[in-house]
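Asks: Each chain, letter by letter, is given below.
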Amino acid sequence: MNAPLGYLGDQPSQRLVPAEPIVRLEKISKTFPGRDGQPVTALREIDLAVPQGSILGVIGRSGAGKSTLIRLVNGLEKPTTGKVIVDGANIAALPESALRHARRSIGMIFQHFNLLSSRTAAENIALPLEVAGYDKAEIRARVDELLALVGLSDKRNRYPSELSGGQKQRVGIARALATKPKVLLSDEATSALDPETTRSILDLLSRINEELGLTILLITHEMAVIRNIAREVAVIEGGRIVEQGDVFEVFTRPQHEVTRSFLGDEAGRALPPYVQKRLRKEATPDSQAVIRIGFRGPHATDPVLARLAREHGIEANILSGAVDEIAGRPFGTLVVSVPEASARQTLEFLKLHGLDTEVLGHVA
Amino acid sequence: MSPEMIRLIASSTGETLYMVAVSALIATLFGLPLGVFLATSGKGELFAAPWVNRVLGVIVNATRSTPFIILVVAIIPFTRLIAGTSIGTNAAIVPLTIAAAPFIARLIEGAIREVDQGLVEAARAFGASPLQIVLKVLIPEALPGIVLGLTLAIVSLLGFSAMVGAVGGGGLGDLGIRYGYQRFMPEMMLAVVLVLIVLVQAVQSIGDRLARRLNKRIRHG
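Listed in order, the protein sequences are those of chains A and B.
Position 285, counted from 1, in the first sequence is what UniProt numbering calls 285; the numbers after and before it change by one each time, with no gaps.
Position 204, counted from 1, in the second sequence is what UniProt numbering calls 204; the numbers after and before it change by one each time, with no gaps.
No wet-lab data here; the hints were simulated from the structure.
Think of the CB as a built atom: it goes at the ideal place given N, C-alpha and C, for glycine as much as any other residue.
It cannot be assumed that every hint is accurate.
Claimed, not checked - Below, computed lysine-lysine pairings styled on DSS-like, alpha-carbon distance capped at 25 angstroms: (1) Lys180(A) <-> Lys43(B); (2) Lys43(B) <-> Lys136(B); (3) Lys27(A) <-> Lys182(A); (4) Lys136(B) <-> Lys136(A); (5) Lys281(A) <-> Lys180(A); (6) Lys27(A) <-> Lys83(A); (7) Lys180(A) <-> Lys136(B); (8) Lys136(B) <-> Lys155(A); (9) Lys78(A) <-> Lys180(A); (10) Lys136(A) <-> Lys155(A).
Said to hold, decoys possible - Listing some non-contacts, in silico: residues in chain A with all C-beta distances to chain B over 10 angstroms: (11) Ser29; (12) Ala137; (13) Arg307.
To be verified - Computed spacing ranges between beta-carbons, pair by pair: (14) Glu45(B) <-> Lys136(A): 52 to 62 angstroms; (15) Asp203(A) <-> Arg213(B): 30 to 40 angstroms; (16) Pro33(B) <-> Lys78(A): 22 to 32 angstroms; (17) Arg199(A) <-> Gln204(B): 45 to 55 angstroms; (18) Glu20(A) <-> Val52(B): 26 to 36 angstroms; (19) Glu282(A) <-> Glu45(B): 56 to 66 angstroms; (20) Arg35(A) <-> Ser129(B): 44 to 54 angstroms; (21) Pro273(A) <-> Gly44(B): 43 to 53 angstroms; (22) Gln204(B) <-> Glu45(A): 34 to 44 angstroms; (23) Glu130(A) <-> Phe30(B): 24 to 34 angstroms; (24) Arg54(B) <-> Arg199(A): 30 to 40 angstroms.
Given these sequences and hints, build the entire structure.
Replies: Structure below.
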């Protein structure tokens with residue numbers, strides 16, 4: 001286990017065309033024995049593939065099963081049925097000693113960092129290397145590299161109690177990378193951090209993904225995490241993956257209620273309270289239809305409402321709106337109301353222009 | 001106080017320190033692994049062996065609930081087997097050790113259980129074996145608690161060692177009983193109690209200071 005200790009860059013930094021996903025869950029189910037003897041099903045029939053070099057985010061509410069899901073990947077949990085293939089090996093079927101060896105190529109970071117309080121930053125980072133049997137000189141060189149990578153060279157001799165939350169997570173990341181893993185698992189790694197620190201940790205993870213070609217599988221309940229760094233997303237609810245795909249596709253055309261609820265807090269999607277209060281399900285002759293328009297990619301900045309007025313004489317009343325970015329691509333949301341009589345024509349016109357529409361309800 | 005009395009107090013203090021030191025050392029040798037095992041062999045834990053855990057737990061509790069003075073008498077044949085005699089400081093070490101080991105085991109179990117399970121999970125995640133987790137994570141992280149536990153055990157041993165005086169075990173308790181009580185020398189009894197108080201204070205403050213130095217969870221100045 002004394003692999004040469006070059007700089008981290010012995011993995012290809014250019015992402016190649018993904019041939020085989022590095023992590024693949026096949027028909028995974030997991031049940032726990034419940035308190036009252038009734039088994040509790042945490043995961044049902046999960047299929048998930050994480051392409052080499054990608055960042056895949058799993059988003060779900062608490063209790064949705066995401067924590068169990070990520071623990072299957074490094075064998076901290078065993079599936080009741082199904083296969084967990086990581087880098088060609090079925091983690092679920094490995095004997096304990098082989099599993100320990102396999103875990104060296106799967107790093108993990110945690111919500112509460114899980115650093116040893118009795119060890120300094122440098123000693124915490126050294127721990128996986130000690131466990132793997134590297135010699136002292138190798139460990140020292142590797143720890144120096146890792147401290148530099150996460151920007152903590154000046155904090156090497158500090159104990160975790162002397163570090164801020166963001167610094168602790170940087171130590172956690174350095175420790176996770178110590179044995180040069182091929183996959184990094186992130187278990188709510190930014191959930192205990194403030195937004196600004198979250199941003200800097202996500203930037204660090206993005207950089208590691210790009211520079212080292214490291215595949216990242218993360219779980220979170222925060223939309224901001226997915227938006228900022230994930231390229232692919234899986235939405236999990238009640239132990240099932242209800243929606244999965246490219247982040248931009250999934251979040252600009254959400255199919256499932258849960259996906260929409262995660263988007264609910266996002267700028268431009270939430271209705272202003274005065275509209276929300278008056279929103280009715282049924283149309284009346286003098287009500288107006290409330291329509292949400294999604295502008296994606298190239299259409300995000302089209303002057304479509306001006307054209308609607310000019311070409312069809314329909315004057316839409318703007319209720320709320322925002323132009324934002326998801327996964328680095330512009331995405332706009334506009335909520336408008338139009339008279340019921342023009343609603344159908346408006347929807348057709350918008351669809352014709354390649355925009356996504358959704359009738360939210362009616363206001364009198 | 002006569003020079004003779006001072007000499008007696010000094011030599012008895014030496015005997016007490018010897019009994020306590022040796023029995024604490026041997027009891028820790030047995031109590032530490034036992035405590036670690038008790039803390040890690042429950043259902044779903046590192047060395048999961050729930051039945052062995054339960055049986056050991058019962059044995060530990062039984063030993064701890066036996067009054068010390070009864071334990072001393074009850075194990076006299078065993079003491080003779082180990083020490084060759086049932087009277088004197090060396091003989092006293094046997095019951096002291098047997099009484100202290102399960103006590104220390106429970107204290108160490110408690111200290112180990114205080115360690116955040118997240119650290120165990122992190123260590124498993126980077127490929128540590130159960131033994132490595134014990135040696136590199138659990139014991140170092142529990143060390144301040146272990147030191148405080150051992151301090152408590154040594155203080156208790158000082159008390160127990162005074163009790164073995166009643167059965168001819170030597171040491172300060174023996175001196176107190178023979179001179180202070182049987183010969184009715186209250187100044188001797190007072191001296192013995194004072195020396196014990198000083199010893200307990202010294203042990204406790206050394207233990208506290210060591211535990212504080214080992215505890216990196218708190219920011220120092």
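Asks: Compare the structure with each hint and give your call.
Replies: Evaluation of the provided hints:
no. : hint                                        : in the structure
1   : Lys180(A) <-> Lys43(B)                      : violated, 33 angstroms
2   : Lys43(B) <-> Lys136(B)                      : holds, 22 angstroms
3   : Lys27(A) <-> Lys182(A)                      : holds, 23 angstroms
4   : Lys136(B) <-> Lys136(A)                     : holds, 16 angstroms
5   : Lys281(A) <-> Lys180(A)                     : violated, 55 angstroms
6   : Lys27(A) <-> Lys83(A)                       : holds, 7 angstroms
7   : Lys180(A) <-> Lys136(B)                     : holds, 21 angstroms
8   : Lys136(B) <-> Lys155(A)                     : holds, 22 angstroms
9   : Lys78(A) <-> Lys180(A)                      : holds, 24 angstroms
10  : Lys136(A) <-> Lys155(A)                     : holds, 20 angstroms
11  : Ser29                                       : holds, 20 angstroms
12  : Ala137                                      : holds, 19 angstroms
13  : Arg307                                      : holds, 55 angstroms
14  : Glu45(B) <-> Lys136(A): 52 to 62 angstroms  : violated, 32 angstroms
15  : Asp203(A) <-> Arg213(B): 30 to 40 angstroms : holds, 38 angstroms
16  : Pro33(B) <-> Lys78(A): 22 to 32 angstroms   : holds, 29 angstroms
17  : Arg199(A) <-> Gln204(B): 45 to 55 angstroms : holds, 49 angstroms
18  : Glu20(A) <-> Val52(B): 26 to 36 angstroms   : violated, 44 angstroms
19  : Glu282(A) <-> Glu45(B): 56 to 66 angstroms  : holds, 59 angstroms
20  : Arg35(A) <-> Ser129(B): 44 to 54 angstroms  : violated, 31 angstroms
21  : Pro273(A) <-> Gly44(B): 43 to 53 angstroms  : holds, 48 angstroms
22  : Gln204(B) <-> Glu45(A): 34 to 44 angstroms  : violated, 60 angstroms
23  : Glu130(A) <-> Phe30(B): 24 to 34 angstroms  : holds, 28 angstroms
24  : Arg54(B) <-> Arg199(A): 30 to 40 angstroms  : violated, 50 angstroms
In the structure shown, a violation is registered for the earlier hints numbered 1, 5, 14, 18, 20, 22 and 24, in ascending order.
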